[in-house]
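The listed protein sequences correspond, in order, to chains A and B.
First residue of the first sequence? That's 1 in my numbering, and the numbers climb one at a time after it.
First residue of the second sequence? That's 1 in my numbering, and the numbers climb one at a time after it.
By construction, these hints were calculated from the structure, which means they are not laboratory data.
Here are some, though not all, of the chain A residues that point toward chain B, as calculated from beta-carbon distances under 7 Å:
| id | residue |
| --- | --- |
| 1 | E181 |
| 2 | I182 |
| 3 | E184 |
| 4 | A185 |
| 5 | E187 |
| 6 | I188 |
| 7 | D189 |
| 8 | G190 |
| 9 | A191 |
| 10 | P203 |
Keep in mind the model is a prediction, meaning the values are calculated, not measured.
By construction, the Cβ of each residue, glycine as well, lies at the ideal position given by its N, Cα and C atoms.
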Amino acid sequence: MFEPYLYSAPALLLVAATTLVPIVIGISYAFRNIMLLDPTSGGFVGLDNFRELLRDASFWNALKNTVVWTASCVGFQFLFGLILALMLNRPFPGRALIQATIFLPWAIPTFLVGMNWSWLLNPAIGPLPHWAYALGLMNAPDNILSDPDYALWGPIFAGIWWGTPFFAITLLAALQSIPREIYEAAEIDGAGGLERFRSITLPFLAPTMVITVLLRTIWVANSPELIVVMTKGGPADASQIVASYVFTQAYQGLNFGYASAVATALVLLLLIYAFLLIAIRQAMLGRR
Amino acid sequence: MASIDIKNVRKDFGPVSVLKGVDLAIASGEFAVLVGPSGCGKSTLLRLIAGLEDASSGEIHIGGRRVDDLPPRDRDIAMVFQSYALYPHMNVRDNMGYSLRLKRTPQARIAEIVGRAGAKLGLEALGERKPRELSGGQRQRVAMGRAIVRNPKAFLFDEPLSNLDARMREQMRFEIRKLHRDLGATSVYVTHDQIEAMTMADRIVAMNAGIIQQVGTPLELYDDPANVFVAGFIGSPAMNFLSGEARRGETGVALSVGGKAFCTLSQAVAVPEDGRVTIGIRPERIRIGVGAGQVVEAAADLVETTGAASVVHVDLAGQAMKIFTTERLQLTQGQRIPLAIDAKDVCLFDPAGGGRLR
Ligand SMILES: Nc1ncnc2c1ncn2[C@@H]1O[C@H](COP(=O)(O)OP(=O)(O)O)[C@@H](O)[C@H]1O
Ligand SMILES: [Mg+2]
Numbered sequence: 001m002f003e004p005y006l007y008s009a010p011a012l013l014l015v016a017a018t019t020l021v022p023i024v025i026g027i028s029y030a031f032r033n034i035m036l037l038d039p040t041s042g043g044f045v046g047l048d049n050f051r052e053l054l055r056d057a058s059f060w061n062a063l064k065n066t067v068v069w070t071a072s073c074v075g076f077q078f079l080f081g082l083i084l085a086l087m088l089n090r091p092f093p094g095r096a097l098i099q100a101t102i103f104l105p106w107a108i109p110t111f112l113v114g115m116n117w118s119w120l121l122n123p124a125i126g127p128l129p130h131w132a133y134a135l136g137l138m139n140a141p142d143n144i145l146s147d148p149d150y151a152l153w154g155p156i157f158a159g160i161w162w163g164t165p166f167f168a169i170t171l172l173a174a175l176q177s178i179p180r181e182i183y184e185a186a187e188i189d190g191a192g193g194l195e196r197f198r199s200i201t202l203p204f205l206a207p208t209m210v211i212t213v214l215l216r217t218i219w220v221a222n223s224p225e226l227i228v229v230m231t232k233g234g235p236a237d238a239s240q241i242v243a244s245y246v247f248t249q250a251y252q253g254l255n256f257g258y259a260s261a262v263a264t265a266l267v268l269l270l271l272i273y274a275f276l277l278i279a280i281r282q283a284m285l286g287r288r
Numbered sequence: 001m002a003s004i005d006i007k008n009v010r011k012d013f014g015p016v017s018v019l020k021g022v023d024l025a026i027a028s029g030e031f032a033v034l035v036g037p038s039g040c041g042k043s044t045l046l047r048l049i050a051g052l053e054d055a056s057s058g059e060i061h062i063g064g065r066r067v068d069d070l071p072p073r074d075r076d077i078a079m080v081f082q083s084y085a086l087y088p089h090m091n092v093r094d095n096m097g098y099s100l101r102l103k104r105t106p107q108a109r110i111a112e113i114v115g116r117a118g119a120k121l122g123l124e125a126l127g128e129r130k131p132r133e134l135s136g137g138q139r140q141r142v143a144m145g146r147a148i149v150r151n152p153k154a155f156l157f158d159e160p161l162s163n164l165d166a167r168m169r170e171q172m173r174f175e176i177r178k179l180h181r182d183l184g185a186t187s188v189y190v191t192h193d194q195i196e197a198m199t200m201a202d203r204i205v206a207m208n209a210g211i212i213q214q215v216g217t218p219l220e221l222y223d224d225p226a227n228v229f230v231a232g233f234i235g236s237p238a239m240n241f242l243s244g245e246a247r248r249g250e251t252g253v254a255l256s257v258g259g260k261a262f263c264t265l266s267q268a269v270a271v272p273e274d275g276r277v278t279i280g281i282r283p284e285r286i287r288i289g290v291g292a293g294q295v296v297e298a299a300a301d302l303v304e305t306t307g308a309a310s311v312v313h314v315d316l317a318g319q320a321m322k323i324f325t326t327e328r329l330q331l332t333q334g335q336r337i338p339l340a341i342d343a344k345d346v347c348l349f350d351p352a353g354g355g356r357l358r
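Make the full structure from the sequences, and use the hints.
Shown next as structure tokens:
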């Protein structure tokens, strides 16, 4: 009766040891009071960290910023990626070269991207503020990274630039798998360009779109690198997202217990998001 | 219904010339089959008629109207693709009704037309299915239905049966022909399969390397091929070709193979200077045994039988030849057998250009 479990035990143990143990230990910090420079800390404090979290205005601000950051990054990455993929899907001279160039940002380490964009946005060395000023988009050639109202948009620009190729690559691959004859049949049936996009391209791309947006949302929401490099969450937490707030709490506040509580909250929110999307997807698949 | 006229059409893909000046007139209501080996430009010609590809030069007329500059949807044609090209996200009914919906036909009218086409093709029970839930034969029917529903001036078929198994192919061949008899619409049917061409066509257009080789009824092409290509492509087992010599004599043109007399043609034939010719004779026109015509001796090599008939491979003066017979023969390898050749079954070709010698 136990025998089947014995056969699967090694695999289960391995999964538990490599996946579950670190997660459980990480989450356990959230219920303790761990201050890095205080040797007397480390005691079990129950839900204290979470109670503090609910009262922490910085956390709620970071949560709001996380939504703005993730939605803007993923939304624009997706939009530009789709446009690029559609443009690259038709043959034109020099396509291979342009394709390679467009995919280049994806190969650059995030930290370099962040540094590069902070310089581009810095009026002392970068051209962008001067251009924006000349075009009338700004009242003065200032650094948006030091403007509390716009600081978050600096990393968002960098994120869009960096992540667009991901969508372009995956959507282009999906586009190229659509048989040409289906478009031709539709053309003969009388479908114009927009109608073909609506009734052929979109249904073919839908599964890829859903899965890439789902994955990228979690990925982007969890990635504080650009913000940490470009604004450190500032000025005055104006560009803080939850993921970067975890980092700030842990390494500037040195409050590991609280940082773990924030991280746990983020994981919970993302899990809820993922389950919702999977449920919607299942419902859509079931309907077909 | 409409005639299709193609005038001196050329098509180049970059430096590659795929169609090298095609002239073709297809009469209204005719079922024309475009046949030739893979890569000879059949699909390209069909796609030019459909408007999916632009000709490099020349003119295309459908129903007397020049269509070169019209997009596919304004040419009033329907096309059935080899891959069927069904819309995978739509069910059978929506696949068939798509063109009508785009023309803003009222729902009730669409349902009526699609219903009628579905009934004609035996698809009534499948209306709600998606293409992936259909067998190959059913998909083929949906593709046909999609074409019928549009009531076009002309039907274009691009190897529509190639993805079906042999039995299904035979059945669909018959059904497409019946459909054509009912609808009477001008049809251009592309295939690489000469049996499809022979069995389905009102007229066959034989093509090779971007050039039309011969146009005619199936039996005209079979009995009176214009050149070695048509002679060898039409008919299975294929026509035998022997390299031989022709010498003008008193009773006519005497043919010999490997120095041995083969037969004597009584009609006048233009023979090349050096006397070298390619002799063509169909495997079923050679009789084993002594008959009225000239008798030639060959050595048996191998017998292949299908039950209904046999193909006997023989060696004639060092050249391989096939004989098709419904007799059941027991032959041993190397056995000498007499062959009766009737001079009127022999075609002569120019070994250099491949053209027919008449
Ligand atoms: N879009 C294209 N670009 C370049 N060459 C092509 C294209 N379409 C067809 N060809 C070439 O044209 C020739 C004829 O093709 P096709 O008309 O499809 O032949 P068939 O249908 O008789 O098998 C082939 O050699 C093929 O490689
Ligand atoms: Mg083809």
